[in-house]
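Peer 1: Protein chains in written order, with my numbering: chain A, 306 to 377; chain B, 306 to 377; chain C, 306 to 377; chain D, 306 to 377; chain E, 306 to 377; chain F, 306 to 377.
Honestly, the hints are just simulated from the structure, not real lab data. Keep in mind the model is a prediction, meaning the values are calculated, not measured. A couple of the hints might just be wrong.
You can't tell identical chains apart in this list, so a pair holds if it fits in one copy or across any two.
[What the hints assert, rightly or not] In silico BS3-like pairs for lysine-lysine, Cα to Cα no more than 25 angstroms straight-line:
#	residue 1	residue 2
1	Lys315	Lys335
2	Lys366	Lys341
3	Lys366	Lys335
4	Lys366	Lys315
5	Lys340	Lys315
6	Lys366	Lys340
There are 6 protein chains.
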Amino acid sequence: MPIITVKIAKGRTLEQKQEFVQAITNEAVKTLNVKKEWITVLFDEYERDNWATDGQLHSIKFGEGFGKQGTE
Amino acid sequence: MPIITVKIAKGRTLEQKQEFVQAITNEAVKTLNVKKEWITVLFDEYERDNWATDGQLHSIKFGEGFGKQGTE
Amino acid sequence: MPIITVKIAKGRTLEQKQEFVQAITNEAVKTLNVKKEWITVLFDEYERDNWATDGQLHSIKFGEGFGKQGTE
Amino acid sequence: MPIITVKIAKGRTLEQKQEFVQAITNEAVKTLNVKKEWITVLFDEYERDNWATDGQLHSIKFGEGFGKQGTE
Amino acid sequence: MPIITVKIAKGRTLEQKQEFVQAITNEAVKTLNVKKEWITVLFDEYERDNWATDGQLHSIKFGEGFGKQGTE
Amino acid sequence: MPIITVKIAKGRTLEQKQEFVQAITNEAVKTLNVKKEWITVLFDEYERDNWATDGQLHSIKFGEGFGKQGTE
């Protein structure tokens, strides 16, 4: 513990994920007072067909290509 | 907020998902007293190999094709 | 199935929850083509100390009383 | 109810999943005092690019092939 | 890994939980080919006001006392 | 989006949570290329009776007081 789950649109690279994992793991050690080897980070990646806000699926609101550019 | 997550077998069309998103978003505005733009809806779609009830995976209980017809 | 989870700030009444459950269950039957008795709805209620957006906990951003009035 | 979710690295066979489902369903009936037909089990399978411990993604820590052998 | 989450109505004793944890941990080691020290089990306990099936909250369907007897 | 959920033992202060929220929100903006106002962070806090590793509930393994000191 802790277990940190990141729900996010598809389109991040391995390098982005690794950089984020490293940063929030170090932050958790510093701020939340946990041992580094206890920390788990999971990414749940979503297609735009499966994420909606304001009553609209993002594949309809933004189009299909947007998520691939990591802008969402 | 709120964040509404729908775990369901694969097989719904984009149109079904959008219709459901729209309806429950409007219902949340009306019943739960939240602003429309605050509402997120996520779909977590499952293969039948990954969903079990009554001690049995659904791919074994119902076969593989069933979920594709949106009947589950 | 499906299993629908609603993450929301504390403060809704039993009547609001029941009305929402009934409405989205009926909508799922109609739109997603599932049997009514298969549908589960769960509420995960959050204190404002445990929900943040835009880099700020809601207990700091909005104060403690807000959620109790069901306005968030 | 209950709803039991198993987050695990990809690579288990259908037979392993079914055996696990059957065993924990029977255990829940015996220990937690629930009816067998009420129990749902879900598998959330993860690529190694989406699972990190100790500040490192498992695809970097262990390589890509490991998960396929069901050893993690 | 794996991370096993058990969503269940409130009312189980510490002894029931520990017995269930031990049994499914051993089963995961045997069936899913994971090391015992890698396995996490979490319980998410629900009030009956927050769990609904078939369009009805369980506090309305079954009454408030039921869950405390561990029968659900 | 993204939605970041932090499952952790009870015992962190409001200040610790706010500091962590701020740091990982800023990190997500920088590394994952998302707008700050789109980022949600949720804390799911657990009693030690509801968290187990290595086949043992933490209330049994570590005792009840430990989590309150924020050391886990």
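Peer 1: Please go over all the hints and tell whether each is borne out by the structure.
Peer 2: Hints and how they fare:
When the C-alpha separation of Lys315 and Lys335 is checked against a cutoff of 25 angstroms, the pair qualifies only between copies, where the shortest distance is 17 angstroms, while the shortest distance within a copy is 29 angstroms. Taking CA atoms no more than 25 angstroms apart as the test, Lys366 paired with Lys341 passes between copies only; the shortest distance there is 15 angstroms, against 40 angstroms inside one copy. Proximity of Lys366 to Lys335 under the C-alpha cut-off of 25 angstroms is restricted to the inter-copy arrangement: shortest distance 23 angstroms between copies versus 39 angstroms within a copy. For a Cα distance limit of 25 angstroms, the shortest separation of Lys366 from Lys315 qualifies both inside one copy, at 16 angstroms, and across copies, at 22 angstroms.
With identical chains, the CA atoms of Lys340 and Lys315 are at most 25 angstroms apart between copies only, with a shortest distance of 16 angstroms across copies and 30 angstroms within one. When the C-alpha separation of Lys366 and Lys340 is checked against a cutoff of 25 angstroms, the pair qualifies only between copies, where the shortest distance is 17 angstroms, while the shortest distance within a copy is 42 angstroms.
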